[in-house]
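Number of protein chains: 2
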Amino acid sequence: MAGPEIERLIQLLARLPGLGPRSARRAALHLLKKKDALLNPLAATLRDVGESVHACSVCGNLDTHDPCAICSDPRRDAGLLCVVESVADLWALERAGVFRGRYHVLGGTLSALDGVGPADLNVDSLISRAQAGGLREVIIATNATVEGQTTAHYITDRLAPSGVQITRLAHGVPVGGELDYLDDGTLGAALKARRPL
Amino acid sequence: MAGPEIERLIQLLARLPGLGPRSARRAALHLLKKKDALLNPLAATLRDVGESVHACSVCGNLDTHDPCAICSDPRRDAGLLCVVESVADLWALERAGVFRGRYHVLGGTLSALDGVGPADLNVDSLISRAQAGGLREVIIATNATVEGQTTAHYITDRLAPSGVQITRLAHGVPVGGELDYLDDGTLGAALKARRPL
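As they're listed, the protein sequences go chains A and B.
Residues 59 to 255 in the numbering used here are what the first sequence lists, from first letter to last.
Residues 59 to 255 in the numbering used here are what the second sequence lists, from first letter to last.
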């Protein structure tokens, strides 16, 4: 059907999350139709990003600078550290605009099944940051999954000797959520953590 | 949140069909995580494809050669021409592997609402191909939509003076389809075009 160059483009696009073989074909055709408006800018941007974006050596965030814009921002509270699983989680918190401290990206969660141990995550650098002093509080913001909670417990144990205060995100009813659609675990957690009105 | 380079990548990815802002972010992170395996090859392939792939001057197919591989294949029946709306439709027919003639890509359908007239489609070049002689049959394979059928009628009228035999794809029950889930129009067409068993 299509030539080998187009086939290769389709195969690469199909490896993006959210795109299958069929939607990758549609995307490739769309790119070819809009060469100047989309294909060429995308090729140039990918090359730029590939060359200039690297993981921050302090927190693991992705940025063109090292340390990243967040780590080197003097207006952010250096005493408050939020531990997240991935850069996507860091972006989610930044989008919400509710946190003015700094981050530490673990790069995954502990998972015996997938063979991910502590050495595969950025845990040692987190311990070093806590031992270096200057931290008031470490907020553990791993996901509320089994792996996320396991990782949170492991990090809490490792951080304990440093004496830094350790907190985690609250569990409960999501804002706008209806009780009827919530699972038992969330309802139980929300009830247990009830607060005076 | 992310730097301007990454934001630009996300915005470009979000313009691909099938990707929204959220999945474009996931795709961008996935690309950044797999720089050598995915990001760099994709950037190089996009550049290659952008430079080398053009529309075939005979049929409108996309290929690195002009005339395209299908138009210049001597094993394909030059007397049989299949008229399709888009390159995606051409690819679909090629994937099915059921057609051994050549193609003509219209590049869309007539649409008064969208302001697409005959001059915006590759109709004149189709008429020229029919008048040049050597064609036994033109199969009109536009989609079974209102626009597709309107376009089919228009092309049939324009092709009539050339004296070439004009056919269209059969309408009916799709293979593997269940009657209960079919619309009335398809069922009516299938009944009207019934054939001896």
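In short, the hints are calculated from the structure, not lab data.
Each hint should be verified, as a subset may be incorrect.
Same chains, same names: a pair is fine if it fits in one copy or spans any two.
[Stated by the list, open to error] Quick list of in silico lysine to any residue cross-link-like pairs, SDA-like style, CA-CA up to 20 Å:
no.	residue 1	residue 2
1	K93	E152
2	K250	H229
3	K250	G192
4	K92	G206
5	K92	A170
6	K91	P125
7	K250	Q69
8	K250	A202
9	K91	A247
10	K250	V233
11	K92	P75
12	K91	R80
13	K93	A146
>> Of the numbered hints stated earlier in the document, which are not met by this structure?
In response: 1, 3, 4, 5, 7 and 9
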